[in-house]
Structure formats: C-alpha cells, structure tokens
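Based on the hints, put chain B in the right spot on chain A.
So the protein sequences, as listed, match chains A and B.
Residue 268 in my numbering sits at position 268 of the first sequence; the count goes up by one each step and never skips.
Residue 119 in my numbering sits at position 119 of the second sequence; the count goes up by one each step and never skips.
Hints listed in this document are in silico derivations from the structure and should not be mistaken for laboratory results.
Remember, predicted model here, so these are calculated numbers, not experimental data.
Among the hints, a few may not be true.
[What the hints assert, rightly or not] Quick list of the computed label-pair ranges, beta carbon to beta carbon: (1) Lys140(B) <-> Lys190(A): 25 to 35 Å; (2) Asp52(A) <-> Gly180(B): 39 to 49 Å; (3) Lys93(B) <-> Asn226(A): 50 to 60 Å; (4) Arg92(A) <-> Lys93(B): 52 to 62 Å; (5) Gln65(B) <-> Ile185(A): 29 to 39 Å; (6) Asp55(A) <-> Glu173(B): 10 to 20 Å; (7) Ile84(A) <-> Asn249(B): 48 to 58 Å.
Quick reminder that beta carbons are idealized off the backbone N, C-alpha and C, glycines included.
Each chain, letter by letter, is given below.
Protein chains: 2
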Amino acid sequence: MSSVLVVGSIAYDSVETIHSKRDEMLGGSATFFSTAASFFAPVHVVAVVGDDFDDNDLEFLANRQVDFSGLQKQPGKTFRWGGIYSDDFSNRKTIFTHLNVFEKFQPHIPAQLRQTPYVFLANIGPDLQLNVLSQMGKPKFVALDTMNFWIDRDPETLRQVLARVDGLIINDEEAKMLTGENNQILAMQKIEAMGPKVLIVKKGEHGAVLYYRRKYFYLPAFPVENLIDPTGAGDTFAGGFMGYLAAENELNHDTLRNAVVLGSALASFNVAGFGVDRLKEIGREEIFARYEKFQELTRFEFLERI
Amino acid sequence: MSSVLVVGSIAYDSVETIHSKRDEMLGGSATFFSTAASFFAPVHVVAVVGDDFDDNDLEFLANRQVDFSGLQKQPGKTFRWGGIYSDDFSNRKTIFTHLNVFEKFQPHIPAQLRQTPYVFLANIGPDLQLNVLSQMGKPKFVALDTMNFWIDRDPETLRQVLARVDGLIINDEEAKMLTGENNQILAMQKIEAMGPKVLIVKKGEHGAVLYYRRKYFYLPAFPVENLIDPTGAGDTFAGGFMGYLAAENELNHDTLRNAVVLGSALASFNVAGFGVDRLKEIGREEIFARYEKFQELTRFEFLERI
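Next comes chain A alone, as it looks inside the complex (with noise of 0.2 Å):
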C-alpha cells in the first residue's frame, strides 16, 4: 500500500440539470479526486480555500483518512463554479466562474508530502503543474489532467509537463485537440511519443480507452438510466484509478485494467447524485460489486468453437 497526493481546487459548485438545481456544493478537482481514492489509499491533498470556507466541509474525508495538511487557507472567497447541463447531459455552459483565491494559488508542498510516490496533477495551469513537479521527490507514477484551455493557450508548457510524467488522463476531445489527429488510436500513439507511458482517453457515455505498452483496453460507461449530475465524474474517475493504483503499488496490464474498471465505477456512482453526495453514501462493497457488474457487462466466451 502506498499513498496518492492530488493538487488541484476545492471549490463551491452551483448546478442546475434538467430534475433540479443545488447551490453551493463543496466540489472541485481535488475535492472528487480525493473522495475517490481515499476507498483504496491515503490521500493529501494539496489545494487552496478562502477564509469563507467551511471546515465541517470536509470533514466526511478527514474522517477517511484524508490528510489536508497541505490545504492553504487565503484572505479572500473560496473558488466558485454555476453550470446548466442540457436536457439530456450531452453539454453544459458554465454560467460563472469566479477564481477568487483559487486565481493566485501557489501549490506549496509541505516538506513530509514531497516523497509520495503517487502524484495527481490535476487541471490547473501547465506552469503550476510543472512547479510541482519542481518540488516533489522522485515519484513513482504521475498523472495528469488537463483542458482545451492549456492546450489551447500555454501549449510549451504542456508539452514540457508532458514528456515528465507517466500518464494522461484526458477526453476524447482533448486528445484530438492535442495531436491533430482524428484517428483515435492514432492519437494515442501519438500522445505516448510525447512522454506519457500510460494514457487513458475518456469517451463520455462511450467509456474510456487505456493505452499502454502497445495495447488497448476498451471499458463501456456503465449503464447509467438516472443521470442526476455529472460534475467531478472526470476527477472521480482519475480518483478511483489513482487510488487503486497506489494500493496495488504496481503497474501492470492487469493492475492499470482493474483501476480502469473501478475508476469507471467510482464514476457511474457519482453521476448518480449531486456534488458528492452519492460517494458519501457507498462503500468499497458497492464499488467493488459494480466492478463485478462491468465483468457481466462486458465477458463473453466460447462454450464450444464452432
């Protein structure tokens, strides 16, 4: 067993779907990032809050173990997010967005958190991204997460992030954005010529792909019917994959796969509920039964060959 350190945000979320609208959750990369993994290995977070912040917020994960002796607290109001999906969650607009603290966040990594061997870079700046890895020991597994925005904007920086770190965690989207490619598999090969050995491509509703040492391993999205709200299921899914991971404490076909799986499943739980009131209700016998489902949902075999 090993331990995971994310640096992303900690944010309030206001949503609103087609069934209903909530304001003010606690959300944020970090926030799902380390709900998930905390089912399966210690997690500290590194990330930023305002002095509005409350604490009780997130005491559901200090409960599980998660350490946030690397949380800065800032003068200032906590970062704020709205956003309206579309009737049937294909899209959202995001209303607003204010930074608040979260705009001049310096990620400082507390001198005891510096050794640990898994690292999850989540979407901030390229530049920031980079910083950390400046600070940190000699990892042991990196991965990233990043947007159009970066890629789009401060494409250097990506790049040199890139070629340092072990595996990409992006969307479909973000792939062909980043490469130009609108192969698939082509892209992906092209990604791993940039640096990341282990890449995994998020297809939305069509599940995600993982890549590695020239083979793929296709996952379906597990069958959601009640989509109640999708915020974070990217960072639950990074959550869960990292987690096991770190757990397992070894990287194969056959770890990477299993992580897949129950980042996948961690994910389908989350789109069930607002912010992260589903991933505070289950547990590691729910996650690891849904892993069993997405074995239902995907075997097939001979019986005789014909």
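Then chain B, alone, in the frame of chain A:
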C-alpha cells in the same frame, strides 16, 4: 447447423474516400450480409439484379455454397449507388442513388426456402418486409434492419414489422429516432417493448451494445488504423451475427454475445478494404484470431482483491 435467408439488395457501388476512388464495385446489403454469413452457415439470397448484371461477380459466393435460387433477374439496370466519405470517415454524402430494377423489387420467396429457420430482412421498405414474413413458414429467428428514411416515412408499417420480429439491428441515431429517447438505455427498453426481444445498437467507432432479457453487453469496435471503405459494415456485422447464430442454432446470452463479437470481427475486416475485397481474402482462422483479439481488448480480472 441451421441456415439463413437474407432479403436485400445487390448493387454496384461507387465510393470515394480521402485515399482513393473505386467505381462499380459489387455491393448491396444482401452481398455484404451473405459474404459474412457464409463463413458460418449456408445462406440463401433473395434479391434482384438487372440484365446488365455480371454473374461472375457472385461466383466467389456460389463457391462458398451461397444459394442464389431466390435471385431474380429483371429487364433494366442493376441498382447503383455512389457516395463520398469525409476525410475522417465520420460522414458520408450520397452522390447518386439509381434504384433501377430495385425500385419495383417484389421479393418472392421460392417454395423450397420458405422454411428457412433464420431470416434477415435487410434495409428495404417495411411493406416489403411484412410481405416477406407473410411468405415464410414459421422461422425460428427473424432479424430486421431499417433506416431513418423508413422510420420517418412509414412508421406505422414499421411498427407492424417490429411487432413480428425477434431481433433488431440498428444504429444509435435510429434508436433515438425510433423512440424519441436520448438516453440509450431507456431507448433500448422502449424498443424491446415494441417487439424485438434481441436488440443490437451499433455505435460506429464506439462499438455495439446488445440488449437481451434485461442484460446489456458492450463490445468496442476493433481499433482499425487504416480505414479504407466503411460501406457495408452494418450488413457485414449482421451477416456474421446471423450466420453464427444459425450455426449454433441456439439463442442464449452466450451465443448472442459471441455472435456480436464475430459480427464485429467481420465488420472490422470489411472496412479495411474496398467493397468485399478484404472479406474475399480472409478465412475462419483470421476471424477467430480476431475474436481472441477482442478478448485481449476487453478482459480484466483481479489477481487479488485488495
């Protein structure tokens, strides 16, 4: 081992892609279907060609024991279709459709074929599909293809056909259109309620989903690096699927899942060449090797449960 009957089109296709261009290739739903199905089971073709048709074009199928006793030759020209694919193959534009003798096609099922246990009604008008069913004895399994055009133009008759078939093989857009339901899971449940107890929704590069007796089965598309010509992929899939089912002659989760995998394997060969070029070259060894590749692409299991 049982046998399968297909009612569909035989055409000469002209296809242009980013790579190259080919004119007047043998095509049509019955052609792709019977080529694929013939790897597993005896096939009977009911279709129409014009007096310009070159019988040598079907010789490779006759050599595979495909039976053309139901092929009509009518005065006039054979069905012609021409299309052009977008550079990334995500779209195709029809350049021309000359139905020719296919316009007045009246399927006649010869007496000796009316007891064929497996029947595939390719994409023809729902009125003709009903007419075929009225000529058949009591088939064991009837599957149907259709398209947006018929869903829009003759939904009433299509509903009547759906109520009488065992299986439906359509794409995701058609499933949405048929049910008015954006959520694919709910759309599949609605379609089952219309009649077909076996439902396959094809999602192009995202693979296919099988729904049968409250269980879903997801299979990715085989990762094809060098797409040449996607024409006929759907009918090739259906041919592999129905041919294998007829060979096994038993309907359960295992045979249906394997049929989906073999249909997908055949489709993945089909798109790697123009028309039926690639399907002519391969044999059962290649197909079963690809079945095993599909297992490699999708398998996962715990070595130990953490």
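Results for each hint:
1. With their beta carbons about 49 Å apart, Lys140(B) and Lys190(A) fall outside the hinted range of 25 to 35 Å.
2. Distance hint for Asp52(A) and Gly180(B): a CB-CB separation of about 45 Å, consistent with the stated range 39 to 49 Å.
3. In this structure the supplied range 50 to 60 Å is violated for Lys93(B) paired with Asn226(A), their Cβ-Cβ distance being about 38 Å.
4. Taking 52 to 62 Å as the suggested C-beta distance range, the pair Arg92(A) and Lys93(B) does not conform, at roughly 31 Å.
5. Between Gln65(B) and Ile185(A) the beta carbon distance is about 36 Å. The supplied range of 29 to 39 Å therefore holds.
6. Look at Asp55(A) against Glu173(B): about 49 Å separates their beta carbons, and that is not inside 10 to 20 Å.
7. For the hinted restraint 48 to 58 Å between Ile84(A) and Asn249(B), the CB-CB distance of approximately 53 Å keeps it satisfied.
Against the hints set out earlier in the document, violations occur for numbers 1, 3, 4, 6.
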